[in-house]
Amino acid sequence: GAGVSQSPSNKVTEKGKDVELRCDPISGHTALYWYRQSLGQGLEFLIYFQGNSAPDKSGLPSDRFSAERTGGSVSTLTIQRTQQEDSAVYLCASSFEVNAYNEQFFGPGTRLTVL
Amino acid sequence: AQSVTQLDSQVPVFEEAPVELRCNYSSSVSVYLFWYVQYPNQGLQLLLKYLSGSTLVKGINGFEAEFNKSQTSFHLRKPSVHISDTAEYFCAVSDTFAGNQFYFGTGTSLTVIP
Chain A
2 GAGVSQSPSN KVTEKGKDVE LRCDPISGHT ALYWYRQSLG QGLEFLIYFQ
52 GNSAPDKSGL PSDRFSAERT GGSVSTLTIQ RTQQEDSAVY LCASSFEVNA
102 YNEQFFGPGT RLTVL
Chain B
54 AQSVTQLDSQ VPVFEEAPVE LRCNYSSSVS VYLFWYVQYP NQGLQLLLKY
104 LSGSTLVKGI NGFEAEFNKS QTSFHLRKPS VHISDTAEYF CAVSDTFAGN
154 QFYFGTGTSL TVIP
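As given, the protein sequences belong to chains A and B, one line each in that order.
Quick note: the first sequence uses our numbering, first residue 2, plus one each step.
Quick note: the second sequence uses our numbering, first residue 54, plus one each step.
No lab work stands behind these hints, which were simulated from the structure alone.
Backbone N, C-alpha and C fix where the C-beta goes; we use that ideal spot for every residue, glycine too.
Take the hints with a grain of salt, since some may be wrong.
Said to hold, decoys possible - Here are the in silico distance ranges between beta carbons for each label pair:
| no. | chain 1 | residue 1 | chain 2 | residue 2 | range |
| --- | --- | --- | --- | --- | --- |
| 1 | B | 62 | A | 82 | 40 to 46 angstroms |
| 2 | B | 58 | A | 6 | 27 to 33 angstroms |
| 3 | A | 11 | B | 62 | 20 to 26 angstroms |
| 4 | B | 67 | A | 67 | 46 to 52 angstroms |
| 5 | B | 123 | A | 114 | 49 to 55 angstroms |
Said to hold, decoys possible - With the C-beta cut set under 8 angstroms, the calculated list includes, among others, these residues of chain A facing chain B:
| no. | residue |
| --- | --- |
| 6 | 5 |
| 7 | 41 |
| 8 | 43 |
| 9 | 44 |
| 10 | 101 |
| 11 | 104 |
| 12 | 107 |
| 13 | 110 |
All chains, please: the whole structure from these sequences, using the hints.
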């Protein structure tokens, strides 16, 4: 079956612009995770969804970052007024449900470059 | 919060030689442990995981890892590497009681030299 897909694969934007990153999880997966991978850094956890709700938003780096998920499926991560330090690869993962032992299936990522 | 340390950012190794990629984690609470691999231009995929039971875990592509609770380590090993093992390897930890967050290391870039 289809894996996790993300779009766009690459995004170049100017500082101060808003961007939307999209994640389409594996069908039937109720858990969805967003991570940020910066050069030389590990994966930084941003937010997770159980269904459409995001119980913990504390991982979001600032209030310029927001995420939503509708219909228990597609999720969008929005970054407002982008800054150069937002440049990174944004990864989405899904799993059957939110728990500590389930395998996460990752998408290929969106590479964001803020000029 | 947890932290995961992968001491080696880059590991070059000759083809058919053995390799060990090191991973240490901070928490003393009960954890689950994972190794993921990221091949060039691909997403991360699970290599293996430790949930409970035997401390030696076998994964795909001939990799194995050993959980050492006293040393809070989960090192990844392969007795004989292949060119196709060239990739980025990430160690990850989750608390067994708080399953909503996974903590990843900074990754180890394994380069297999012909």
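*For this structure, which hints from the list above don't hold up?*
Of the numbered hints given earlier, those the structure breaks are 1 and 5, listed in rising order.
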